[in-house]
Every structure is written in C-alpha cells, then in structure tokens.
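> The primary structure of each chain is shown beneath.
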Amino acid sequence: MAFDVENIRRAFPILNQEINGKALVYLDNGATTQKPDVVVQSLVDYYHKTNSNVHRGAHRLSQLATEQYEGARSYIASYINAAQAREVIFTRGTSESVNLVANSFDGFVDAGDQVLITTLEHHSNIVPWQQLCERTGASLQVVALDENGDLDLQDLQAKLSEKTKLLALAHISNVLGSINPIKQIVGMAHARDIPVFVDGAQAIAHTHVDVQDMDCDFYAFSGHKTYGPMGIGVLYGKEDWLNKLPPYQFGGEMIAHVSFEKTSFTTLPYKFEAGTPNVSGALGLEAAIRFIEEIGMEPIIAHEDNLLEYATDQLEKIEGLQVVGKAAHKTAVLSFVVEGIHASDIGTLLDQMGVAIRTGNHCAQPLIDKLGYHGVVRATIGLYNTKSEMDVMAEAVNKAVNMLR
Amino acid sequence: MTIAEKQQEVINEFSMFDDWMDKYAYLIELGKDLPVIDDQYRTEQQLISGCQSRVWLHAAYHDGSIKLTADSDAVITKGIVSLLIRVLSGHSPQEILSADFDFLETIGLKDHLSPTRANGLVSMVKQIQLYARAFHLKSMQ
Ligand SMILES: Cc1ncc(COP(=O)(O)O)c(C=O)c1O
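Residue numbers (the working numbering), protein chains in the order written: chain A, 28 to 432; chain B, -9 to 131.
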C-alpha cells in the first residue's frame, strides 16, 4: 500500500480543527503525538466489553482482560524483537522506566564509581541517575557533543572505564534530532562489560527498534509519543538484568508470598508491576503499534525525512535563522533560533497562526546551556504531517520574524 | 488619571483591533518602545522567576509613589510588562494594592497567552504587589 498521508489524517479527527481561526498545524509531536481512531476505539472496547482486574479474578472477564493484557505484552515484545515477552515491563512512560532502573541500581554502584550519560539527555534521563549517584557516592560523567550535535565517540571511549557502572543515553535527541549509533556504542560499552540503558522516547515512533540487534541492556519508551495513550510506557530489560535488579515498588500482583515476617516476590515481569496495571493503556499501545506496522516503518521514515529536509530548506531561507542540530543522522526534530529574537515570541505568534510548536529548553536544560541559548523553537514531525503544513509553518515563522524584528 | 481610568484607556485601545495578530503587533510596538531599564537593575536579583523569557523588574519609591521600570529579552513580554507599568507606575503603594487586574482579562490577554506566558504574567503582577506591600510597610514606619 502506498503511503497516503491524506488517508492517514482521516484517522486523526483532532487534526481537523481550527485554532485561533486558522487550520491547526500540529508540530509538537515530540511532546506528544495524536491518537488514531483505532487507539481510541481500543480503549472504548476495553471499557465497554472487557474491563476487569487482571491476574486475580476467578471469572470469565478477568480471564479475558488478562489474556488481552498479556497479549499486548507479547505483541510489543515481538515488535521490538525482545527475546522474551517477560522482558517487557509496563510502566507509566519513559520517565518511570528510567526511575525504575535507577532506583533498583544502588546495589550495583559503590562510592567512587561512575555513571555515564551524554550532553544531549532529557532531564528524565539525567536526574534519576544523578540521584543514584548522590545516594551511592558515585559520580556522574557526561559525554561531550561535537558542534553538529553528534556524540563525540572518542570522548565516550575515553570515559568508559573500570569505574563506569552504567551508560545511559538517548536513542534520538529530543532537541537536536540526532540519531545516536546505539549498536556501535553498545559494542564499545560491552567491550568493558558496562551495561547500556537506552532512552527511546523520541525513537519508537520514528525508526526501527530492535533491542537484540542493538544489544542494549535496557530500552525505555512512552506510549503517548508513539500514537498511543498517555500513562503507559515500556521498560525493556534483558532477562538476566531484570532478574538481578530488586523490585522497585511493592504490593499487589508482584508478590509471591506474604507473611508479616517476610515477603517473597514473584517472577518477571510481575516483579516490577506492583498494583493494578494500566490495562487499557497497554491495549491502546498495542493498537498504536499495530497502526504503525500497518503503514510500515520504512514509508514513515521516508515521509518524515522528506518533510524534515523540505522544512529545513524552507526555514534556512529566513535571514538570521539558524537550525540547531546538524547531525549526520537526524530525524523528525527541527529546532532553530533566530538572531535577536526570543524563541517564546516566535512561539506565541505561531500559535496565533494555528501552528503548534514548542519553545524553551525542552527539558534538556544542560544541553541548551551548553549550546549557549536561552531557549530554542522546536517543530517536531509526525507521520500525519504534510508538505503543505511545512509551507504554512515556514511562512508563519517568516511572518513572525518580520513582525518581531 | 487613576489606575482604573488608565486600565479603561488600555481596554479602549485594544478594542480597536479585531484581529489578535494586530493586537500582538501593537504589543510588540509597545515592547520596542519601552524605555530601557538602568543596567544596574538588570541583575539576577531583579529577575522574576516563573517566566520562560527573562524579565527584570525594578521598583523605586519616591515621594509617596512607586516608579516601575522593566526589561525582558522577549519583546512580547516587554509589551505586556509595559502595559502593567503604564497602568501602575506613578501610583502609591495603597492604590496599587487595591487595584484589580481585570483589564488583562477584558482585553483577552490572559486567554491568548500560552500557559508559560500566563504564569509569567501572574508572577509579574505578584512581584509588583510585593514591592507595593514592602513600600507600604516602610512608609508606615
Ligand atoms: C528523550 C526523552 N526522554 C524522556 C522523555 C520523558 O518522557 P515521558 O514524559 O513520557 O516520561 C521525553 C519526553 O519529552 C524525551 O523526549
């Protein structure tokens, strides 16, 4: 089936509306994506037909809900090519996935050890590790970037030492769009027996994710950034690692036996899923990924790369505008600054013209500081965006810049 | 003119534009025209937290009235703060403390600001009230 963006857009009624009297151009997909009909319908179906608590009821609906929930786990596991379904833990999202591992990692880090991250991380992939370091007396090390927004792999190599207990990095930068060479980096870290945690928040909707091919030890993503519901996400972890880590929260289904003297915990994946899980969210996420698979990741990549290139060319015609992030491999994220103009002013005027983008530090304050900006404007592309929307956006930026100058 | 009269004047001016792009163009002009703040007040200390753009606000008390000056690195923010200054500067702490700020809603500004900008506006108003309260207490000593 050919990639037909107009047909795809019909699955997203929210796109078909006016904001401030102008047709909405939604380019804040890096913050969250819109949800296609099939995802919304999966939530409705679950609550209309199946809702029951999972793993515990002695009745038919509970059994059905359990089957569907575990079905979603298996499906998602095979989509990311996990070796086992039990290596997929449902969480609330990327941030919770990072927190889960960081909070369970104290026993693997001693005073004087190091945790390595990179300059381009989102706060969610910085602060939990920083807290781990504070608890354990380890230190946080940071891999440098070159001027294009590519990681400095020599610096990375130099900072992988016998003291390094974990490397955590983004698959794709939420500000620069840089696609990091994860497979190569994992190879470098594994050569020194260092496990690697990958923040896939910006990657899952925009590129292939094959956890066995990358060979990463952990991979995290959020449902809401991949056309799925809010409040659901995934932590993938290699079985060996997940077995080694202690539980993160306690109660509910994660328990094998409880007495007031001692409690023993159950096995994967339930060991990390305390309490009633977000069943509808898991089903919605399955529906979202099925939706993506039906369109096909290759056509999505081709479409988004086209739009990115086209929009970049259009924006670069504007005097004084500088695209932020020129990595060799880049996707879906188009950040920029305009000389003498504050990003928030551009954002305000674009909003008046119906163009939804984001401005500021994008929860990557250390990166923005390092780049020397007080905020950047960021347009992020999704599979439903069109070439004519890129024209509207570029025209709106041009108009805003002329007004503000 | 009283604060209320000045507010009415601002409301009248904004009602002349029916398009929000024109209102923003007007705010941008006001922002560009705002007299620059004395460099010595462009410090961390005068910086208002809660704004995405940086806003410096300075208040001086002289002969019973407060004189406000401000600056921002974002010109729309400057336009907004210039409205506040125009309405409030030159009045006594008492007058500022008893003023309401409905005019910001009447001209539709609050609805048209992004959540971060709206927070910033609230922070600016709070900061001005804080200054007024401090000067009011001082004047009673
Ligand atoms: C790279 C990256 N990591 C982590 C997150 C956090 O995701 P969530 O808010 O869904 O937990 C985001 C979201 O903005 C992100 O872009």
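In short, the hints are calculated from the structure, not lab data. Since we're looking at a predicted model, the values are computed, not measured. Glycine included, each C-beta is placed from N, C-alpha and C at the ideal position. Hints may contain errors.
The calculated lysine to any residue pairs, modelled on SDA-like cross-linking and capped at a C-alpha distance of 25 Å, are [what the hints assert, rightly or not]: (1) A:Lys49 with B:Lys(-4); (2) B:Lys(-4) with B:Thr96; (3) B:Lys100 with A:Pro273; (4) A:Lys190 with A:Gly214; (5) B:Lys100 with A:Lys190; (6) A:Lys49 with B:Met(-9); (7) A:Lys49 with B:Pro105; (8) A:Lys426 with B:Tyr16; (9) B:Lys116 with A:Lys426; (10) A:Lys190 with A:Pro273; (11) B:Lys(-4) with B:Leu99; (12) B:Lys116 with B:Asp9.
A few chain A positions that, by computed beta-carbon distances, are all more than 10 Å from chain B [claimed, not checked]: (13) Asp31; (14) Arg37; (15) Gly98; (16) Ser105; (17) Glu174; (18) Thr191; (19) Glu266; (20) Gln276; (21) His369; (22) Asp372; (23) Asp378; (24) Met380; (25) Gly387; (26) Cys390; (27) Gly402.
Here are the computed distance ranges between Cβ atoms for each label pair [stated by the list, open to error]: (28) A:Val154 with B:Leu120: 25 to 35 Å; (29) A:Ile345 with B:Asp101: 26 to 36 Å; (30) B:Pro25 with A:Ser166: 33 to 43 Å.
> Confirm or reject each hint.
These are the hints, each one checked on the structure:
1. For the suggested pair Lys49 of chain A and Lys(-4) of chain B, the alpha carbons sit about 33 Å apart, so the restraint of at most 25 Å is broken.
2. Under the criterion of a C-alpha separation no larger than 25 Å, the hint pairing Lys(-4) of chain B with Thr96 of chain B is consistent with the structure, at around 13 Å.
3. The hinted pair formed by Lys100 of chain B and Pro273 of chain A fails the criterion: a straight-line CA distance of about 48 Å is larger than 25 Å.
4. With a C-alpha separation of about 17 Å, the suggested pairing of Lys190 of chain A with Gly214 of chain A holds against the 25 Å cut-off.
5. Restraint check: the Cα-Cα separation between Lys100 of chain B and Lys190 of chain A comes to about 52 Å, which exceeds 25 Å; the hinted pair is violated.
6. A threshold of 25 Å between alpha carbons decides the hint, and for Lys49 of chain A with Met(-9) of chain B the separation of about 39 Å lies outside it, so the pair is violated.
7. Taking the CA atoms of Lys49 of chain A and Pro105 of chain B, the gap is about 20 Å. The hint holds against a cut of 25 Å.
8. Note on Lys426 of chain A and Tyr16 of chain B: the hinted pairing holds, with a Cα-Cα distance of about 15 Å set against a maximum of 25 Å.
9. Taken as a hint, the Lys116 of chain B and Lys426 of chain A pair is broken in the structure, with Cα atoms around 33 Å apart against an allowance of 25 Å.
10. About 22 Å separates the Cα atoms of Lys190 of chain A and Pro273 of chain A, which keeps this hinted pair within 25 Å; it holds.
11. In summary, the hint linking Lys(-4) of chain B to Leu99 of chain B is supported, as the alpha carbons are separated by about 16 Å, within the 25 Å threshold.
12. Restraint check: the Cα-Cα separation between Lys116 of chain B and Asp9 of chain B comes to about 29 Å, which exceeds 25 Å; the hinted pair is violated.
13. Residue-level check passed: Asp31 of chain A sits 34 Å from the nearest beta carbon of chain B, beyond 10 Å.
14. Residue-level check passed: Arg37 of chain A sits 29 Å from the nearest beta carbon of chain B, beyond 10 Å.
15. Every CB of chain B is more than 10 Å from the CB of Gly98 of chain A (nearest about 38 Å), matching its label as outside the interface.
16. The Cβ of Ser105 of chain A lies farther than 10 Å from every Cβ of chain B, with a closest approach of about 39 Å, so its non-interface assignment holds.
17. For Glu174 of chain A, the shortest C-beta to C-beta distance to chain B comes to about 24 Å, beyond the 10 Å cut-off, and the non-interface label holds.
18. Remark: the non-interface label on Thr191 of chain A is consistent with the geometry, its nearest Cβ contact in chain B lying 36 Å away (cut-off 10 Å).
19. A cut-off of 10 Å between C-beta atoms confirms that Glu266 of chain A is not in contact with chain B; the least separation is 42 Å.
20. Remark: the non-interface label on Gln276 of chain A is consistent with the geometry, its nearest Cβ contact in chain B lying 31 Å away (cut-off 10 Å).
21. The non-interface label for His369 of chain A is inconsistent with chain B: the shortest C-beta to C-beta separation is roughly 4 Å, within 10 Å.
22. With a cut of 10 Å on Cβ distances, Asp372 of chain A falls inside the contact zone with chain B, its closest approach being about 5 Å.
23. At roughly 6 Å from the closest C-beta of chain B, the C-beta of Asp378 of chain A falls inside 10 Å, breaking its exclusion from the interface.
24. Its beta-carbon lying about 7 Å from the closest one in chain B, Met380 of chain A breaks the requirement of being farther than 10 Å from that chain.
25. Chain B draws Gly387 of chain A into its interface by the beta-carbon criterion, the shortest separation being 5 Å against a cut-off of 10 Å.
26. The Cβ of Cys390 of chain A lies farther than 10 Å from every Cβ of chain B, with a closest approach of about 13 Å, so its non-interface assignment holds.
27. Non-interface status of Gly402 of chain A relative to chain B is broken: a Cβ of that chain comes within 10 Å, the nearest being about 7 Å off.
28. In this structure the hint that Val154 of chain A and Leu120 of chain B lie 25 to 35 Å apart at CB holds, the actual value being about 31 Å.
29. With their beta carbons about 29 Å apart, Ile345 of chain A and Asp101 of chain B fall inside the hinted range of 26 to 36 Å.
30. Take Pro25 of chain B and Ser166 of chain A: their Cβ atoms lie about 48 Å apart, and the range 33 to 43 Å is violated.
Violated hints, listed in ascending order, are 1, 3, 5, 6, 9, 12, 21, 22, 23, 24, 25, 27 and 30; each of the other numbered hints is respected by the structure.
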